[in-house]
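S.K.: Sequences listed follow chains R and X, in order. Counting from 0, one number per residue, gives the positions in the first sequence under numbering that gives the first Met the number 0. Counting from 0, one number per residue, gives the positions in the second sequence under numbering that gives the first Met the number 0.
Be aware that a few hints might be false.
Because identical chains cannot be distinguished in the list, a pair is counted as satisfied if it fits within a single copy or across any two copies.
List time: in silico DSS-like cross-link candidates among lysine-lysine, alpha-carbon distance up to 25 Å [as the list claims (entries may be wrong)]:
| # | residue 1 | residue 2 |
| --- | --- | --- |
| 1 | K55 | K70 |
| 2 | K160 | K142 |
| 3 | K100 | K160 |
| 4 | K126 | K142 |
| 5 | K70 | K114 |
| 6 | K114 | K36 |
What the hints contain is simulated information worked out from the structure, not anything from laboratory work. Computed from a predicted structure; not experimentally measured.
There are 2 protein chains.
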Amino acid sequence: MKLVLVALFAAGGGIAGLSNAASGQVAAAAAPIFGIKMPAGYRDWRLISVAHEEGKLNDFRAILGNDTAIKAYREGAHPFPDGTIIARLAWSYDPLEESEKAFGHPQSFVAGSPKNGVQFMVKDSVKYASTGGWGFAHFNDGKPADETVHNTCFACHATVKDRDFVFNRYAP
Amino acid sequence: MKLVLVALFAAGGGIAGLSNAASGQVAAAAAPIFGIKMPAGYRDWRLISVAHEEGKLNDFRAILGNDTAIKAYREGAHPFPDGTIIARLAWSYDPLEESEKAFGHPQSFVAGSPKNGVQFMVKDSVKYASTGGWGFAHFNDGKPADETVHNTCFACHATVKDRDFVFNRYAP
Chain R
0 MKLVLVALFA AGGGIAGLSN AASGQVAAAA APIFGIKMPA GYRDWRLISV
50 AHEEGKLNDF RAILGNDTAI KAYREGAHPF PDGTIIARLA WSYDPLEESE
100 KAFGHPQSFV AGSPKNGVQF MVKDSVKYAS TGGWGFAHFN DGKPADETVH
150 NTCFACHATV KDRDFVFNRY AP
Chain X
0 MKLVLVALFA AGGGIAGLSN AASGQVAAAA APIFGIKMPA GYRDWRLISV
50 AHEEGKLNDF RAILGNDTAI KAYREGAHPF PDGTIIARLA WSYDPLEESE
100 KAFGHPQSFV AGSPKNGVQF MVKDSVKYAS TGGWGFAHFN DGKPADETVH
150 NTCFACHATV KDRDFVFNRY AP
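Only chain R is shown next, with the shape it has when bound in the complex (with noise of 0.2 Å):
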């Protein structure tokens, strides 16, 4: 709560200074390869969709997107215009505890603390021609990824190209 507070002062007290904040995540580094950086406010954006990753990952996940991305989106812009930004959020996958009271198994599950960082995919056709238009950038807790991760990216998102590279829908 004191931090939430402090950076309130520091951005004269709107509500538009809290989301970095909020968030409890701000980088200042660029991520290696692509040289993207948390792009300012994104806790803030429009709702895409959410998923949950089984497994060794074991998340539950939130997918927003910035103006550009909501629109194109809801127009079924193909492929994604320029300067689209879609942003992955993901926090652990925890059991409610007063639902499993209630039902004497886990039966509600929501999100809990942040896990497996926050990911960014970044449009620039000029820019990023040679992974599908798409920058690609990993920040955990704050810090981008090492270029090792970076590499990952392209490989995995190439198997959804018919889709621009996109894995998530839009959840209506």
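Following the hints, put chain X in place on chain R, whose structure we already have.
M.R.: The following block gives chain X in isolation, referenced to the frame of chain R:
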């Protein structure tokens, strides 16, 4: 797609006019007991958290909040101030086809079609004094659910009275 474009023209082309049309759920009627209508533009609200219900419900959820709700969550306000509105959206809980193919078993789950309706909690400590200051509303395909459904809301939320009757915490 046709519906979205028509709405765009009607709203003068701005992205702000997209929200309800893009959500596919527009309700004019008020829900019983609490008399709550679907708030305009709720699909554009910021994210509070995500959730998953197992068993019969078997859905993916996103909890969104209006500006009053987001501010209250980030500042740790308790109880939530009058004017707070919390929205609960839900979709089918679908395996992501591409990851199932790649892993040989379901690994990633994503939101599919809208499912189990859209719900709202509206804070008005005077109007809804007898139900902890909260009014509840449930809409299926844009239409209010019946009175029986609305009679179940408060009893269940009463299990988290110490959190001002709100199940979901803010996901940072």
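S.K.: Next, verify each hint and record whether it holds.
M.R.: A quick look at each hint next to the structure:
{"no.": "1", "hint": "K55 to K70", "result": "neither (34 Å within a copy, 34 Å between copies)"}
{"no.": "2", "hint": "K160 to K142", "result": "neither (28 Å within a copy, 38 Å between copies)"}
{"no.": "3", "hint": "K100 to K160", "result": "between (44 Å within a copy, 15 Å between copies)"}
{"no.": "4", "hint": "K126 to K142", "result": "within (23 Å within a copy, 47 Å between copies)"}
{"no.": "5", "hint": "K70 to K114", "result": "between (28 Å within a copy, 23 Å between copies)"}
{"no.": "6", "hint": "K114 to K36", "result": "within (19 Å within a copy, 36 Å between copies)"}
Checked against the numbered hints above, the structure breaks hints 1 and 2 and satisfies the rest.
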